[in-house]
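Student: Sequence:
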Amino acid sequence: MSAPSPESRTPTGVGPPPSRALQCHAVSMSPDVLPVEIWHIIIMYLDDHCFAWFVLRQTCPFLAHVTEDVFARYVSRTCSLRFAGQTLRSLLPPDLRGDTQPPTPQYQAANVQLPSFRFQPSSFAPANTKARLVLKLSSPATARDTPSLHQTYAGTANLTSRLTQVFFQPGAVADAERTRLLNQAHFVLFNDQLKSIRLPSAAVDVTAQQLSLDWRLLCHTFMRDEFKCRFGSSASVTWWREFP
Numbered sequence: 001m002s003a004p005s006p007e008s009r010t011p012t013g014v015g016p017p018p019s020r021a022l023q024c025h026a027v028s029m030s031p032d033v034l035p036v037e038i039w040h041i042i043i044m045y046l047d048d049h050c051f052a053w054f055v056l057r058q059t060c061p062f063l064a065h066v067t068e069d070v071f072a073r074y075v076s077r078t079c080s081l082r083f084a085g086q087t088l089r090s091l092l093p094p095d096l097r098g099d100t101q102p103p104t105p106q107y108q109a110a111n112v113q114l115p116s117f118r119f120q121p122s123s124f125a126p127a128n129t130k131a132r133l134v135l136k137l138s139s140p141a142t143a144r145d146t147p148s149l150h151q152t153y154a155g156t157a158n159l160t161s162r163l164t165q166v167f168f169q170p171g172a173v174a175d176a177e178r179t180r181l182l183n184q185a186h187f188v189l190f191n192d193q194l195k196s197i198r199l200p201s202a203a204v205d206v207t208a209q210q211l212s213l214d215w216r217l218l219c220h221t222f223m224r225d226e227f228k229c230r231f232g233s234s235a236s237v238t239w240w241r242e243f244p
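For the sequence shown, the UniProt record's numbering assigns the number 1 to the initial residue and increments by one for each residue that follows.
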């Protein structure tokens, strides 16, 4: 009978155990033996995003980089944030607050909801480290939500241009209002989860008309909350209370 081929020397539970040399070889294999594209697929197919974020990222620099690549895709495809509600009133000019219109019952009913500013991902900066997520002001609310504005500014492009002009207006007063907004909680949608949170390390670039934030801290916040929800009944456990 011929000797078994080297490929057959695998731990199947049948026959002698593999040699020490083979065991050492298997243990010493580095994750980067597999192509990055394969790791992307593996991580995307994981049902447990918390495991990927809190465990795989801590395994080694290679897996940290690959895991963050996958989450960067999640962020760019599924993330959006919205500034809305009465917190915007002091930033809005009279024509967007409705102060210039006659106080008829029909007008008051049409202006219950103030315009909102919705931002969506545009790029990462700088491109090599992807330290920050850059977001641009996107299309405004629908005509059904803000009928008076869509009547005043016919066409989505005109209203978008007006809202962009308002949000990124220069000046000390506008800067103070934007700073106040960034220190408050706002609605953030990420990976089909909606939360009202403070934007991590958010900054507004008036010249470039864009907003940026630390997307890794954003992911950490969402994953931490999801992880803690699983152990909501274990609040007395020390490690749970001290989980970052």
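There may be inaccurate statements among the hints.
Said to hold, decoys possible - The calculated DSSO-like cross-link candidates involving lysine-lysine, where the alpha carbons are at most 27 Å apart (straight line), are:
{"no.": "1", "residue 1": "K228", "residue 2": "K195"}
{"no.": "2", "residue 1": "K130", "residue 2": "K195"}
{"no.": "3", "residue 1": "K228", "residue 2": "K136"}
Unchecked claim - Each pair of labels, with its calculated beta carbon distance range:
{"no.": "4", "residue 1": "R224", "residue 2": "S123", "range": "33 to 43 Å"}
{"no.": "5", "residue 1": "D225", "residue 2": "M44", "range": "14 to 24 Å"}
{"no.": "6", "residue 1": "V33", "residue 2": "T129", "range": "50 to 60 Å"}
{"no.": "7", "residue 1": "A176", "residue 2": "D95", "range": "36 to 46 Å"}
{"no.": "8", "residue 1": "D225", "residue 2": "Q184", "range": "13 to 23 Å"}
{"no.": "9", "residue 1": "D48", "residue 2": "A127", "range": "24 to 34 Å"}
{"no.": "10", "residue 1": "E226", "residue 2": "V33", "range": "26 to 36 Å"}
{"no.": "11", "residue 1": "L46", "residue 2": "A127", "range": "41 to 51 Å"}
{"no.": "12", "residue 1": "Q169", "residue 2": "C229", "range": "48 to 58 Å"}
{"no.": "13", "residue 1": "D47", "residue 2": "K228", "range": "36 to 46 Å"}
None of these hints come from the bench; they were simulated from the model.
Remember, predicted model here, so these are calculated numbers, not experimental data.
For every residue, glycine included, the Cβ atom is placed at its ideal position computed from N, Cα and C.
Student: Checking against the hints above, which ones are violated?
Tutor: Checked against the structure, the hints that fail are numbers 3, 4, 6, 7, 11, 12 and 13, while the rest are satisfied.
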